[in-house]
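> Sequence:
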Amino acid sequence: MTPKEFREVCRSGDFDSNSAGYAPGYAQANLVILPKEHAYDFLLFCQRNPKPCPLLEVSDVGNIEMKRTAPGSDIRTDLPKYRIYEDGVLTAEVTDIKEYWKDDFVTFLLGCSFSFEDALENAGLAVRHLQEKRNVPMYRTNIPCDSAGVFSGNLVVSMRPYKPRDAIKAAMITGRYPNVHGSPVHIGSPCDIGINNINAPDYGDAVTIHPDEVPVFWACGVTPQAVLLASKPAFAITHAPGHMFVTDLVNESLACL
63 MTPKEFREVC
73 RSGDFDSNSA
83 GYAPGYAQAN
93 LVILPKEHAY
103 DFLLFCQRNP
113 KPCPLLEVSD
123 VGNIEMKRTA
133 PGSDIRTDLP
143 KYRIYEDGVL
153 TAEVTDIKEY
163 WKDDFVTFLL
173 GCSFSFEDAL
183 ENAGLAVRHL
193 QEKRNVPMYR
203 TNIPCDSAGV
213 FSGNLVVSMR
223 PYKPRDAIKA
233 AMITGRYPNV
243 HGSPVHIGSP
253 CDIGINNINA
263 PDYGDAVTIH
273 PDEVPVFWAC
283 GVTPQAVLLA
293 SKPAFAITHA
303 PGHMFVTDLV
313 NESLACL
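First residue of the sequence shown? That's 63 in my numbering, and the numbers climb one at a time after it.
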């Protein structure tokens, strides 16, 4: 599917799977929607934490169309699945947010590591969760983000296992994509970053890690969801982990030479 076709299928309500592997070659984005009163604080949070929160687009107040990254889109319907947070509590998962929408909402689109997976595969580095047809495993860590206004909390990471030599290659490849999380934040022992059980991710699905492989961890756009739970704003909307907004941006347009 093209990005537009993917968004249209989501809009019809006929698709609620995760978006990994769909619209190959095009950038997928994490989503955060907040009332205007908290928008500046979150913008500042993103500016201070560019690894987990690389900004692709920020909407005008009340605008449902992502004009710069996906003209003609409707942010209320064009994702497979959304999460609703009230006072820091996850209260619902839904396939559209029309009934929740208010005219003072500001939408943030953040780069997603799905966007550098094409480059990994093109370099001969298989992506395990795609091989196993699963959602990428994601974990809460003990690494604090830089606070901004009402927002504070710890980093969330995604994980892909590789042999040590391939982990170095993966780090070099993904380092060219700072707009979609860039190079890894940690390679090796999960315990060093507060992950006690690599086989029990906090979000997504566990994947096979072979004895000759090491886990490689990248900053993840699910970090704002952990921050929302910790910071407890009155209201917020995000994507469900792995259920991304597919933009019209070509992945390679986000790479640095």
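Check the hints yourself; a few may be wrong.
As the list claims (entries may be wrong) - Taking lysine-lysine pairs in the DSS-like style, the calculated list, with each CA pair at most 30 Å apart, reads:
(1) K143 to K98
(2) K143 to K113
(3) K225 to K66
(4) K195 to K98
(5) K195 to K231
(6) K164 to K129
(7) K294 to K195
(8) K160 to K98
(9) K66 to K98
(10) K129 to K66
(11) K164 to K294
(12) K113 to K225
(13) K98 to K231
(14) K66 to K164
(15) K160 to K66
(16) K164 to K195
Said to hold, decoys possible - Between beta-carbon pairs, the in silico distance windows are:
(17) N184 to D208: 19 to 25 Å
(18) H272 to G134: 40 to 46 Å
(19) V212 to P86: 35 to 41 Å
(20) K160 to I230: 44 to 50 Å
(21) P226 to Y102: 16 to 22 Å
(22) P206 to A296: 28 to 34 Å
(23) E314 to P273: 32 to 38 Å
(24) S209 to V312: 30 to 36 Å
(25) V212 to L117: 25 to 31 Å
In case anyone wonders, no lab produced these hints; they're calculated from the structure.
No residue lacks a Cβ here, since even glycine has one placed at the ideal position from N, Cα and C.
> Give a verdict on every hint.
So, going through the hints one by one against the coordinates:
no.	hint	in the structure
1	K143 to K98	holds, 23 Å
2	K143 to K113	holds, 24 Å
3	K225 to K66	violated, 36 Å
4	K195 to K98	violated, 38 Å
5	K195 to K231	holds, 23 Å
6	K164 to K129	holds, 19 Å
7	K294 to K195	violated, 34 Å
8	K160 to K98	holds, 18 Å
9	K66 to K98	holds, 28 Å
10	K129 to K66	holds, 13 Å
11	K164 to K294	holds, 19 Å
12	K113 to K225	holds, 24 Å
13	K98 to K231	violated, 42 Å
14	K66 to K164	holds, 24 Å
15	K160 to K66	holds, 19 Å
16	K164 to K195	violated, 36 Å
17	N184 to D208: 19 to 25 Å	violated, 34 Å
18	H272 to G134: 40 to 46 Å	holds, 44 Å
19	V212 to P86: 35 to 41 Å	holds, 38 Å
20	K160 to I230: 44 to 50 Å	holds, 46 Å
21	P226 to Y102: 16 to 22 Å	violated, 43 Å
22	P206 to A296: 28 to 34 Å	violated, 23 Å
23	E314 to P273: 32 to 38 Å	holds, 35 Å
24	S209 to V312: 30 to 36 Å	holds, 34 Å
25	V212 to L117: 25 to 31 Å	violated, 18 Å
Checked against the numbered hints given earlier, this structure breaks hints 3, 4, 7, 13, 16, 17, 21, 22, 25; the rest are met.
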